[in-house]
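Visitor: What follows is the residue order along each chain.
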Amino acid sequence: MAEWGARLRPWAVPLLLLGALELYARTVAAGSDAIAPPSAALVAWFGALRDGSLWQGTLFTLGSAALGLLIASLLGIAGGLLLGLSRRADASSTLTIELLRPIPSVALIPLAMLVFGFGLRMETAVIAFAAFWPMLILTRSAVRQVEPRLLEVSRVLGLSPWQRGWKIVLPACVPRLFVALRLGVAIALVVAVTVEIAANPHGMGYAMMIAQQGLDPALMLAWLGWIGVVGYAVNALALQLQQRVARAMGGAP
Amino acid sequence: MTAPLLAFDRVAITLGGREILSPTSFEVARGELVCIVGPSGCGKTTLLRAASGLVAPSGGSVRRNGVAVTQPSREVAFVFQDYGRALLPWRTVQGNVGLALEAAGVPKAERGARIDGVLAKVGLAAHAHKFPAQLSGGMQQRVQIARCLAQAPLLLLMDEPFGALDALTRHGLQDEAARLVHEDGLTVLFVTHDLEEAIYLGDRVIALQSNPGPGRPSLARMLEVPIPRPRDQLTTKEHPAFLRLRRELFGFIEQGHG
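Quick note, the sequences are listed as chains A and B, same order. Using our numbering, the first residue of the first sequence is number 1, and each one after it goes up by one. Using our numbering, the first residue of the second sequence is number 1, and each one after it goes up by one.
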């Protein structure tokens with residue numbers, strides 16, 4: 001009994017909030033164009049599931065987030081390794097990085113639209129820009145924090161520079177790279193939905209905007225809730241991957 | 001008399017404008033186990049790092065087999081005190097030992113047998129697939145020693161290798177190290193701050209003192225240890241020569257602190 005109680009406890013608050021919203025939407029705000037009861041949103045969600053728009057929107061958003069994050073990770077990790085290992089490269093790029101990094105990624109939407117037009121490439125480019133900086137900065141600091149004793153061990157054992165990078169520096173960075181990756185996942189999802197709401201006529205964000213403009217609060221609420229669920233699932237997957245890799249790399253069990 | 005394996009010729013080391021080691025000369029013969037003892041901050045670790053080529057002397061020269069040492073070499077193995085940091089936490093015991101073989105370009109087919117060989121020597125054969133975090137401190141230090149043995153070095157440099165271990169583990173590892181060194185005919189330079197450990201293990205003990213300066217050289221004493229081997233944790237430490245050396249060095253270390 002106690003075990004069931006502990007397992008159900010995290011669900012108490014969300015269920016209570018949903019119940020309160022249901023009550024509010026059915027009494028005080030009945031017939032509102034802004035608020036719909038969650039039960040109506042659930043019905044709308046099944047509607048979207050049935051007509052295929054749910055998966056279409058979800059796959060577009062997740063696909064562009066994944067693609068953008070992949071580009072950001074490849075470039076960010078490669079650049080971070082370079083900046084972390086070479087003082088000269090770091091000194092000659094610090095100003096550029098500090099000038100470019102504070103640009104809000106959303107401010108790039110007009111430029112990206114001009115260059116790529118609407119669609120996957122434009123959205124991916126903005127996501128990649130947004131996620132690139134944390135990947136770069138965190139990889140650079142991960143490289144700098146590699147245990148100096150391990151670098152000495154590699155000198156004493158006579159490892160080549162290539163072996164040192166591949167067998168010592170990169171694996172030593174992996175735990176911190178995963179922190180960067182999980183941050184990148186969150187940023188990629190946020191930016192993807194933002195780009196869709198602001199400009200790109202695809203994906204979950206756009207579907208939500210269409211529901212809003214069509215004065216369909218139930219469908220809008222359905223998308224909002226679904227975006228939350230998808231974000232939760234993606235973060236949970238990333239966390240699980242991180243833990244699995246940590247175990248395979250000899251982390252504390 | 002054969003040529004010395006390692007020769008310090010008026011080696012002086014200054015770091016950040018501070019004299020760490022005043023000109024110091026000594027030689028280590030092939031197969032000899034020389035212990036370096038002294039209070040903390042006397043430059044004994046720096047001296048060891050100079051012997052490995054990790055630190056370049058500011059004056060004089062370190063020679064191995066007559067050739068000046070300018071950078072680390074695979075002929076020289078280094079056992080660090082902080083085994084927890086010197087092992088790759090993401091590699092198993094055999095992976096850590098294998099790193100030495102990968103560095104030396106040993107073909108993959110030969111590695112397995114050589115890893116098994118050194119792990120058996122240090123008594124870790126049953127733990128080959130464990131990660132360092134799953135082992136005790138003493139066992140982790142054995143892994144590091146195994147990695148050094150896998151290098152098949154001419155010279156083994158040990159920097160307070162047992163300093164962080166409890167007394168019982170330390171005694172066990174001391175005897176094991178002495179046995180391995182004599183089985184393999186290794187030449188060893190062993191740094192410690194523990195007088196008894198230095199006398200117990202060494203063929204010769206070199207005592208360093210801190211704050212060198214004019215009229216106060218770093219190298220304070222050089223003593224032979226005329227105690228036969230194999231030595232024993234109990235009887236050796238009651239040997240008259242052991243007690244005499246201990247008294248002599250103890251007085252010196254006390255002065256060093258005073």
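Derived from the structure by calculation, the hints contain no laboratory data. Positions of the beta carbon are idealized from the N, C-alpha and C atoms, including for glycine. You may find that some hints are simply not true.
[Claimed, not checked] Cβ-to-Cβ under 10 Å is the rule here; a few derived chain A residues that face chain B: (1) A34; (2) G47; (3) L67; (4) I71; (5) D90; (6) P148; (7) R155; (8) G158; (9) S160; (10) Q163; (11) K167; (12) I168; (13) P171; (14) M249; (15) G250.
Visitor: With reference to the structure, classify each hint as holding or not holding.
Guide: Cross-check of the supplied hints:
Restraint check, A/A34 versus chain B: the minimum CB separation of about 53 Å is more than 10 Å; hint violated. Look at A/G47: its Cβ only gets to about 49 Å from chain B, farther than 10 Å, so that hint breaks. Of the supplied interface hints, the one on A/L67 is violated, with its beta-carbon coming no nearer than about 29 Å to a beta-carbon of chain B, more than 10 Å. Because the closest C-beta pair between A/I71 and chain B is about 27 Å apart, greater than 10 Å, the hint is violated.
This hint is violated: A/D90 has a C-beta 24 Å from the nearest C-beta of chain B, more than the 10 Å allowed. Taking 10 Å as the C-beta cut-off, the interface hint given for A/P148 holds, the closest approach to chain B being about 8 Å. Taking 10 Å as the C-beta cut-off, the interface hint given for A/R155 holds, the closest approach to chain B being about 5 Å. For the restraint placing A/G158 at the interface with chain B, the shortest Cβ-Cβ distance is roughly 5 Å, inside the 10 Å limit, so the hint holds.
Because the closest C-beta pair between A/S160 and chain B is about 8 Å apart, less than 10 Å, the hint holds. Evaluation of the A/Q163 hint against chain B yields a held restraint, the C-beta minimum of about 7 Å falling below 10 Å. Hint status for A/K167 relative to chain B: holds, with the closest Cβ pair at about 7 Å, below 10 Å. At a threshold of 10 Å, the smallest CB-CB gap from A/I168 to chain B is about 7 Å, leaving the interface hint in force.
With 10 Å as the threshold, the beta carbon of A/P171 comes within range of chain B, its nearest partner Cβ sitting at about 5 Å, so the hint holds. With a least beta-carbon distance of about 4 Å to chain B, the hint placing A/M249 at the interface is held under the 10 Å criterion. Nearest Cβ of chain B to the Cβ of A/G250: about 3 Å, under the 10 Å cut. The hint holds.
Comparing the model with each earlier hint shows violations of hints 1, 2, 3, 4, 5; every other hint is respected.
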